[in-house]
Structure formats: structure tokens, C-alpha cells
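Colleague: Chains A and B are the protein sequences, given in the same order. Read left to right, the first sequence gives residues 1 to 113 (our numbering). Read left to right, the second sequence gives residues 1001 to 1330 (our numbering).
No lab work stands behind these hints: they were computed from the structure. None of these values were measured; they are calculated from a predicted model. Possibly wrong hints are sitting among the right ones.
[Claimed, not checked] In silico SDA-like links for lysine to any residue, alpha-carbon gap of 25 Å or less:
(1) A:Lys-31 <-> B:Gly-1090
(2) A:Lys-31 <-> B:Ala-1097
(3) A:Lys-31 <-> B:Arg-1078
(4) A:Lys-31 <-> B:Leu-1100
(5) A:Lys-31 <-> B:Lys-1283
(6) A:Lys-31 <-> B:Trp-1021
(7) A:Lys-31 <-> B:Glu-1154
(8) B:Lys-1283 <-> B:Arg-1314
(9) B:Lys-1283 <-> A:Gly-59
(10) A:Lys-31 <-> B:Leu-1163
(11) A:Lys-31 <-> B:Ala-1169
(12) A:Lys-31 <-> B:Gly-1264
[Unchecked claim] Covered by chain A, according to a simulated footprint, are these stretches of chain B (three or more residues, beta-carbon under 8 Å):
(13) 1077-1086
(14) 1122-1133
(15) 1137-1148
(16) 1264-1275
Note that the Cβ used here is the ideal one computed from N, Cα and C, for glycine as well.
Here are the chains, one letter per residue:
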Amino acid sequence: MTATTLFGLCGAALVGLGLFGVVVHPQPLRKILAFNLLGGGVFLLFGAIARRGAAAGMGADPVPQAMVITGIVVAFSATALAVALVLRLFEATGGASLNSDPPRTEPAAGPDG
Amino acid sequence: MTVGFAFDAGLAVLVLGVAVWTIAARAAFAAVVGFVTFGLLLALVWVRLAAVDVALTEAAIGSGVTGAVLIGAAARLRPTEAASAAERPGAAMRLAAGALSVLVALALAALVLFPPDPAPTLAPQAALHLAALDVGNPVTAVLLAYRAVDTLLEKVVLLLALLGVWSLAPDRFWGGAAVPAVRPDSGGALVFLARVLPPVGIVVGVYILWVGAIAPGGAFQGGAILAAMWILSMMTGLTGAPEIGRLPLRLLLVAGPAAFLLVGLAGFAVADGFLSYPAAIAKSLIIAIEAALTLSIAVILGLLVAGPPSREPRHRDAGHRPAGHGEAGR
């Protein structure tokens, strides 16, 4: 196995890991973190593809590289906006729950028996 | 080769290990620290994949500036963590999510293990016009010439994100400035660092911008380093965050995208169309655009980290002084 394949597989695993975190974590901040891991995995897949495309004296295909650079900047923009939204939610409600149901005060033992 | 591969294998294991920690850590703050480490390790992976431009961007923006935003948020959201623990999904849901994630990862792994042969590449086409552009770094050529529209639109995305963040401020703070939530000890190491580092950082940032034409570097990376210096001095209270209503600040924000757009439109008159450069001055134009972009990127990144304004603009209340500016001791 070459290093390129190895890092490509690493990227695939990161996508899976990030997806799991996005679905499972209830805290919005943790979802944002997981989403960034997922993005890092996608970028790494691009990196493996770029490395395979090494030609014309270049170590890697520059087009996927440029797309990843653009992607990192856009991912940061989205992260900053998402974090600002969560902080505003916290200021407005005193909590940071994405649960649309009204906060459970007494029936915590309801569905679980 | 074998030593190199052993290093790569170790690096991949470390990256995955830190990623697992980021997902599994109990406290959000620990997870954020894991994420910043993850970004730095990922930058090393990019170096191993012969993508040094991406490595610089990942270290500066993906790990550094993103980390600054997330750490601040994790500290402020700490009181909410206990309540959200009760909202954890049940075992069946976790199992289903795990199965879905494994399935997606396996599909992507199959793509990596059985790639098309020969590998598709645009490198020869990118190399074809490098001489005409007089730009030695093919990634810069793609970003500022071949796919310049992407880069222009990405700047607009940055501006839109900043507008989105600002719009979350309560009405009475509109036009005001962001005040950092925590202020470190004025005699501490961070404040010392914030006094010593910026002169060096500014030189490095400008160098990275300049060298981007021929070697790894460029507007994003240079801008992120300049932004980091500004963020450091804002975090320590050495400089206050600017009031967002001020005209000079607004002009700085749009300088980069506006210069880019003007050069692009001029392409209709003096070259083949939108965002095409006359060959004779292509390199000068690219560097001029990058210089303007670097300034705007640095200001936008800094303001995104500072967050929405949290203080009323000063002119409404003449006697009001920015919190923290005049207070000498503690």
C-alpha cells in the first residue's frame, strides 16, 4: 500500500467518524466540531486524488489543491457563523439545546418508564 | 521509502486517534483542544501529500483561527453541557448512526482502493500556461487565474459570513464593538507574547504573501497570519476591537473583493473577458489583487473571531469609554 492510499483511507475513516459525531452528539458545538472533522476527511480524499494526479513535474495536481484551500476558508466561514448562532441561542434562552420540545421539567421519567 | 512509510502510518494512526478523541471526549473544551491538535497533524499529512500550500492554510485557518473561535465558544457554553447530556440519543439510534457511518466510510474506502487508472489529472494543462502568467506556483495560478471566479466568490462568502455574525447582535449594539469575554492578567505570559510576537508575525505574513507567486504561500495564508497577530492583541486587550459602523473599516473589508472585481471587469476591455489578464502584466496584477485580498482577509478573519458587537457605539454616549481600555490594574 502506498502512502497516498493510506491517507485516502484515513480520509474515508474521518468522514465516517465525523458523520457519527454529527448525528449522535446533542450539543450544537460538538456537532460543529464533528462537521469540521467530516470536512477534513473530505479534503483528505481530495488530497489523495491530487497526489495520484502528480504530473508535469508537480508533486500533486494543483486543481484539487486549490479547491481544498477554498474549501477550508469556506468551512471556516460556516463554522464562525454557526458558532455565533449557538452563542446567540445561549444568550437568548440560557441554554444551547437544539431540541424543539419545551424543556422537560418534571416528566423526565415518562417514556423511559 | 520504508522509513517514510512507517512515518506516514504513524501519522495516520495519530490523526485518527486524535479524531476519535475529539468525538468521544466528555467535555467540549477537551474536544476543541483535540480538534486543534487534529488540524496541526492534518497539516503534516498535507506536507506528506506534497501539498504545502494546503498545509499552510490548514494550519493557519483550519486549525488556528477556527480553534480560536471554538475555544472561546466552548468556554462560554460550559454551563449548558450538563443539561445536554440528558438529550443523548438512545442505544438503537447510536447503533444506527454507527452503521450508517461505517457504510459511508467503507464506500469511500472502496473509491480509494479501486481508483480509476490512469489517474485523472489537470496538472499538464495547469503547467501549460504557467510561463505566460509568469507565476511559478501552480496552486496560486489556479486560485488567481484559472479558477479566479471561485476565489472571488469565496471572498464574498467570507463577507456574507461576517454580515451574518454581525446581524446576530442585539439592535442597541449595532455599530458598536465586540468586547472579549475574558481578559488575561496584564502581567501574564500571553500579554508579553502579544507585545513581542506581532512585529515578527507581520513580517512573516507579508513574506508568505509575497513568496506565494513562486513558492507555497499566498493571500489566504499570509492574511491568516496577519489576522492571528491582530487576534492576539485583541484577546489580550492591547488593542480594542474596532466599532463595526466605522467607514474606514467597511472600506478595508471590501477592498480586496472590490479590487478583484475591478480587475476582472477591466478584463473585458484589455483582455479576453471577465477575469482574464493581459499577459504582459499578469503577474503584477495577480500580486496586486493578492495584496488587497490579504488585507481584507486579515480584517475579516479577525472580526469573525471577535464575534458580534457587544457594546453600544461610542458616539451615542460621549462620556462612555471602552471597557478595559483605561483600567490599569485589576
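Colleague: A separate judgement is required for each hint: does it hold in the structure or not?
Modeller: Each hint tested on the structure:
no., hint, result
1, A:Lys-31 <-> B:Gly-1090, "17 Å, holds"
2, A:Lys-31 <-> B:Ala-1097, "14 Å, holds"
3, A:Lys-31 <-> B:Arg-1078, "15 Å, holds"
4, A:Lys-31 <-> B:Leu-1100, "16 Å, holds"
5, A:Lys-31 <-> B:Lys-1283, "42 Å, violated"
6, A:Lys-31 <-> B:Trp-1021, "14 Å, holds"
7, A:Lys-31 <-> B:Glu-1154, "24 Å, holds"
8, B:Lys-1283 <-> B:Arg-1314, "43 Å, violated"
9, B:Lys-1283 <-> A:Gly-59, "23 Å, holds"
10, A:Lys-31 <-> B:Leu-1163, "23 Å, holds"
11, A:Lys-31 <-> B:Ala-1169, "23 Å, holds"
12, A:Lys-31 <-> B:Gly-1264, "38 Å, violated"
13, 1077-1086, "holds (count 7)"
14, 1122-1133, "holds (count 5)"
15, 1137-1148, "holds (count 7)"
16, 1264-1275, "violated (count 0)"
Checked against the numbered hints given earlier, this structure breaks hints 5, 8, 12 and 16; the rest are met.
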